[in-house]
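Asker: The chain contents come next:
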Amino acid sequence: RDIVKSGFNIFYVESSAMIKYRHSSPLTASHEAFSCSNCVFWPCRNEDLKEMLESNKESHKLEAMKRIVGLIAKGKNASELFPAVVKNVASKNIELKKLVYVYLVRYAEEQQDLALLSISTFQRALKDPNQFIRASALRVLSSIRVPIIVPIMMLAIKEASTDLSPYVRKTSAHAIQKLYSLDPDQKEQLIEVIEKLLKDKSTLVAGSVVMAFEEVCPDRIDLIHKNYRKLCNLLVDVEEWGQVVIISMLTRYARTQFINPWKEDGLDENNETAFYDSDSERNQTEAKPYIMDPDHRLLLRNTKPLLQSRNTAVVMSVAQLYWHLAPKHEVSVVTKSLVRLLRSHREVQFIVLQNIATMSIQRKGMFEPFMKSFYVRSTDPTNIKTLKLEILTNLANEANISTILREFQTYVKSQDKEFAAATIQAIGRCATNISEVADTCLNGLVQLLSNRDETVVAESVVVIKKLLQTQPSQHSEIIKHMAKLFDNITVPMARASILWLIGEYCEKVPKIAPDVLRKMAKTFTTEEDIVKLQTVNLAAKLYLTNSKQTKLLTQYILNLGKYDQNYDIRDRTRFIRQLIVPSEKSSALNKYARRILLASKPAPVLESAFKDRDRYQLGTLSHSLNIKATGYQELCDWPTIAPDASVRNVEIIEPVKTDVCFCTESDDESAEESSKESDKSSSASEKTSSESEANSIDLFALLCSQVTTSSFSPVKTYDLLHHMSAKGLAAKYHFPRQPCLYQPCMVAVQVILTNCSDHNLEEIHIGDRIPASLNIHCFNTIERLEPGAAVTVSMGIDFSDSTQAANFQLCTKSDKFNVSIQPVVGELLTPSTMTEEDFCMEQRKLLGMNETSATITMATANTSRLAINKEILSVANVGVVSSTQNDIFAGKAVSSGALVLVSLSLQQSPTALLTINTEKSVMASMLLRDLKQALVQA
Amino acid sequence: MIHSLFLINNTGDIFLEKHWKSVIGRSVCDYFFEAKDKAGDPENVPPVLQTPHHYLISIYRGKLFLLSVIQSEVSPLFVIEFLHRVADTIQDYFGECSENVIKENLVIVYELLEEMLDNGFPLATESNVLKEMIRPPNILRSVVNTLTDTLPTGQLSNVPWRRAGVKYTNNEAYFDVIEEIDAIIDKSGTTVFAEIQGAIEACVRLTGIPDLTLSFMNPRLLDDVSFHPCVRFKRWEAERVLSFIPPDGNFTLMTYHISSQNLVAIPVYVKQNISFFDTASCGRLDITIGPKQTMGKMVEGLSVTIPMPKSVHSANLTATQGSYTFDLATKVLVWDIGKLNPQKLPNLKGSLSIQSGVPKPEENPSLSIGLKVQQLAISGIKVNRLDMYGEKYKPFKGVKYVTKAGKFQVRT
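Protein chains in written order, with our numbering: chain A, 1 to 938; chain B, 1 to 412.
It should be emphasised that the hints constitute simulated quantities derived from the structure, not laboratory data. Misleading hints may appear alongside valid ones.
As the list claims (entries may be wrong) - Computed list of lysine-lysine pairs in PhoX-like fashion (alpha-carbon distance at most 25 Å, straight line):
1. Lys336/A <-> Lys234/B
2. Lys103/B <-> Lys66/A
3. Lys103/B <-> Lys92/A
4. Lys484/A <-> Lys413/A
Claimed, not checked - Under 10 Å between C-beta atoms, here's a sample of chain A residues computed to sit facing chain B:
5. Tyr101
6. Glu109
7. Leu117
8. Ser120
9. Arg124
10. Met746
Every residue, glycine too, gets a C-beta built ideally from N, C-alpha and C.
Just chain B, with the same shape it has in the complex:
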């Protein structure tokens, strides 16, 4: 399936190559570079390309491209999903997936790639299994070259995602319910579209083979879900509880999607006025943000990002709260506000100057809002209880809720 993989940085240097079948020359990447130049923005490079003898499927992540070479028909999503899994694994091992990190750990990355695919077909992609075969770097490993004489057993058990012989002195299971609001708000402040993307991130450090059951107060909210392979579908369908033997460590237990048909609470409102004058080469900007449906919680980490038209060349603004920056190269205005004080609404006001001689911009830029509300799941979902079977000890348990702005846009 996947024939070769090239890791390419933003400037077009190939800094790692791996072939699972016979070797394919680097020249095949030229077709990709051509497409990349044509696309301009790396985000715009088509993920699937055709060359005379091969097909190229690439992803762009962490300022680098993972480019795979395919020789025959395959499901493109299969390859894309796998490439992202590779990036996830690198991130999991080294904390981030970037050129520097990969270059520093070239041999481990290469070994990982060797284990992840056999003849181009995924072999071991579970982090628990990989970590037993190839130890992540730590101080001990770098001081003495410890031998990894244990062989992984995970792949053979009925719980392929969990490593064997897990032991902790402190047994704990924490769950974070994270919800992101995707919304488009139009000029007049009405919601064009809003939905919630939720995820339950788990951090489970439990001895032995625990069998967990997580139940919700209001499971009916969840009608569009996807699970980690450990979750038993049948139990969910019958009883609406999450029953699973967890992998060891951090993982995403489930993600869910609450669609636009349901009413989605929007925590803030934005009053904005951006206008450019026909006569003088300047414009005016006035933005105020206020709380809307916060369920009595504090809105934090508030920020506004505005990609200005290319003709704007400087901004002269005053913010009543927080600070703003205007990047001259990218023309992006960022207003970092922080906590939202309902008594004194933050406001950003002032003038924009436009290059003279250039006609005034056609339209106003749209605003992207960033925010965070702790201790609140905006959908109203609530975890009822967590039960553990199969092991005798009493674990520490905890659930945390947080709501964030996802792709939250205000059109102007």
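In isolation and in its complexed conformation, chain A is listed as follows:
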């Protein structure tokens, strides 16, 4: 129990820090909600885990976190442990920390208020000299889906996008997408960051930023222009996943920027005819020879080697790029690689086969040489088999049909009946497409009618029906044969098909048709609906052609149908009766009954199920499902006139030569080098940061010995003790702005003691302090102060960089007076000297959460540089940094030594942007307020 309590104590300390923090940040978290959630006591089922987390031993904590992550992985709810876990976020143990991060990312959304407690840890980590820690902090921070921290995330992303480490920049590109999905209103700002990152030359960043581009602003094609060539050249060295994204984006880009290369092929044909044509003049005027844009060629050339990638997704994306962008005669370079993918996993085969099926409809030639690779194995799963069958059917032509049909014969016998049925469909399609083999196919199918398996027979009947429709006259024999089979077939679809056939061609089988109808009349009631409908159909047709024999039968069937349970059949029966049976009520339609029912019907076209799939970009989810998926980007048509190509021109910057190059590939050298360069510079930056730290220590020592730099600023004096209330002792104090001689962390305070009474005051000294720990350097006891006399004493107070008052007692020999010194925030600083470069560098390190800024409208009197300096120096004890442009000031917090950087950039007189960069965010906000007040006042 005690452990839990102490846990909450820690909590309260943290939360109060948090509340203070709110003043200086854009957070709008409601304080009330926050404290409420603290009071709720969850029913603790995981008491043991909680105890382990509270323990002092790292190993216990680690064990507990492992178990908790195990719970999360299993999908169990571990949210009640949130307070206990979040306390470990700042742990030094990397393994523990990683697990806490995993937990945070999972539950932050549910426990938003508590999650905020961890934010400051990440903010600190964002400035870590180690790039991996910076990156992982950003990763986690951006994964916490808490809307309140959107501004913080925004700042962190902006900062990380200019980080020297490409790895951190990559992470920032990922964070862009996360922020966008959390708050789409940030779009404009995010696009700016994307624009900046697109210019990045590192291969690490390229894939991620293009992904962000695709997610946030896929329509901003204009951002790509300048980076197009660079992306093309980097492509080979980008990691495989990035390649897929970049290729698909470039495919879309190319379709908007280049003109159609396919006209070339068209023109070729035209030229050929024109060769024999007499009026070649006309041809010359319209045939402007197509010249491919060099950038278009660049893309095709640079993507081609990727066909050799081990990653199937990369190969597929290059294949689709060639399909959609390359001149027709070049597309076939992708064939071999696509066929190679068929050896990969089942799922890969499935998708690749789907795409080949679509391609093979338009371009038989591409895959014909590889026909045998699509032969079906008995061990293939059914969906793979049917896809292969589809492709084989698409590839069939006069030359290879006999081979294919022989192959099909094997398939028909397959144990997999679903597949056998699909094969029969395929045979039907071959028969309609290639008229030479129509008879062979038909005969083969008729033979299948005597197959023992019913599904095979049924499928054959259905296919034969379709085939016969194309040339019914020659095939009365087949119809007779099918009529004979009719008794043995039970599959409804097949029975219905036979009935329809007999009805349609009843005049060709005048003797058999009425007999079939007679049999149907007997079994009508037990048939399936689809068969019943066809029976009614057959009856009607026979009634019109051969009413002598079938009149009674028809009427009998119509009567049965009239009372059928299915309303479709009742409706149909009623309709047919009105149509064919003449009665006084019957309408004029009666006359046309024959023409309606026995109209010649167009033969069905047997086509591939993949016929329309080419409306979707190949390799996409939409293509795979044959449904437009959410977020699908339509591939637009080629523009008729090429847009300006010069938009892609970039000024060439001489690449810096480096000695060692690991992947020596002449074309990619520049890319290599640039990434190397950035690597180098990142390590360099780390070096400088440590250097500057060393510098700053020196500076501090220097400053201590230095006399005040801001002597001209007016000194404000404050009352400490009024003589009326202190028996004649009056005390005033001011901040002399001198470094405290006693201890460097103290602020120097001068106290002027005056004796306003008419008697001597003896033994003036400082008594108790509240709190007792308050670190004060006292002045020496003043033995005697004569009436009317005044004395100035110096003391030092360590305010610990807070504006909380220092309370102590001022004592005389006989009395004690409680006094307090309330520091102004500006006095808690000490000036720091630095050059403008140093200032800029330090400022860059203190971005994001460490930056507080405000736009202010200054009083007109203050717009001059001198006035600004005076005003700022009057408020804060900072040093002026000589600068050419802005007004910048540097200082240090006295006790912690944290840098406080103030800069004021005039935007448009009298408005200016006042920025304060410091780790001490509370200080920053207060200082900002004070400075603002000073500058705005006249």
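Guided by the hints, dock chain B onto chain A, whose structure is given.
Answerer: Then chain B, alone, in the frame of chain A:
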């Protein structure tokens, strides 16, 4: 891109879930279960499914499903490839990718998934990089919880697939050239279709950053290849040599495909006769296997697998060599032969009994042949030499060849 991942076992239990964006309820898997029930065989489950709000892309591997939830348009192969990479990584870490192994190492798997994707986009998929961030389990790690205070540097170098600071006392580089023959042989023994799928598996343990060059005696055989990202395309295109800085440990250097247009040697022939009688409810089986084009090498590990028609209910056979089993549940007959002796050809002969009252099977089952030939690459490919640059020491080098039967089917 990838929103969530569910690991599901054969019986439909979800035993791991990971969400990279906000949490998606398990109920989304119901659509998958529906499709799974409809498909019957897990192999037949469509890899891409549509539900009202999400898209499901799944793979089936090692008797478990990896099911990913997608919310918007994406290249399905991208997801499938990634899921297989996840399975590969698990296999690499724990030796196999199975339900038990994952359940035992749940936390490590979860951490791996966390590292592999960021916001649904692949972050680190190279085994060398992952292993530096998350150590594979070993005895040391399980005894003391050692801290991983080193941070990976691989991702930042120009050799992102290789970990930094590799050190070995024995420097060695071994390459296995493995070729698989895919073939369909028809009833009469003629080859309908045959091709070779080759791969060069490497095991490289070399100190520092070695730069290797592998050349072939007859590179012209290879016209359809795919490479590990470490291989320099340009060098291959210009000189037909494999030039690369290898990852540390085991990896597939390249795969190649020698297509059906080339003549492919078939190492064995199969004489078979399977027939079922119309009258009696039985059938006869007679299979003999003999050597065909073995290039003078011994054929080992010979086996024949026959998925019998469902109506066959027992087999009474005698094998002159090896042994056979007939699984009554799956109706699969497996004849394990072993080494092929050219003097005494193995033969399997006997009768099959069929359930009475059931019509005789429509067609004969096809046979799948398994075999292995050591010290032979059936395509004739030969490694010429391996050179190392960039490091001073002399490594041990070795090349091994082996030919196996891939999808080798004999139709009957």
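Asker: Determine for every hint whether it applies to the structure shown.
Answerer: Hint check:
Under the criterion of a C-alpha separation no larger than 25 Å, the hint pairing lysine 336/A with lysine 234/B is consistent with the structure, at around 19 Å. Note on lysine 103/B and lysine 66/A: the hinted pairing holds, with a Cα-Cα distance of about 13 Å set against a maximum of 25 Å. Between lysine 103/B and lysine 92/A the alpha-carbon distance is near 28 Å, which puts this suggested pair outside the 25 Å criterion. Of the supplied pair hints, the one linking lysine 484/A and lysine 413/A holds, its CA atoms being roughly 24 Å apart against a limit of 25 Å.
Of the supplied interface hints, the one on tyrosine 101/A holds, with its beta-carbon coming within about 8 Å of a beta-carbon of chain B, less than 10 Å. Because the closest C-beta pair between glutamate 109/A and chain B is about 6 Å apart, less than 10 Å, the hint holds. At a threshold of 10 Å, the smallest CB-CB gap from leucine 117/A to chain B is about 21 Å, leaving the interface hint violated. Interface hint status for serine 120/A: violated, as the beta-carbon distance to the closest one in chain B is roughly 23 Å, over 10 Å.
A distance limit of 10 Å between C-beta atoms decides the matter here; for arginine 124/A the minimum to chain B is near 18 Å, and the interface restraint is violated. The closest approach between the C-beta of methionine 746/A and any C-beta of chain B is roughly 38 Å, which is over the 10 Å cut-off, so the hint fails.
Of the hints listed earlier, those the structure fails to meet are numbers 3, 7, 8, 9 and 10, in rising order.
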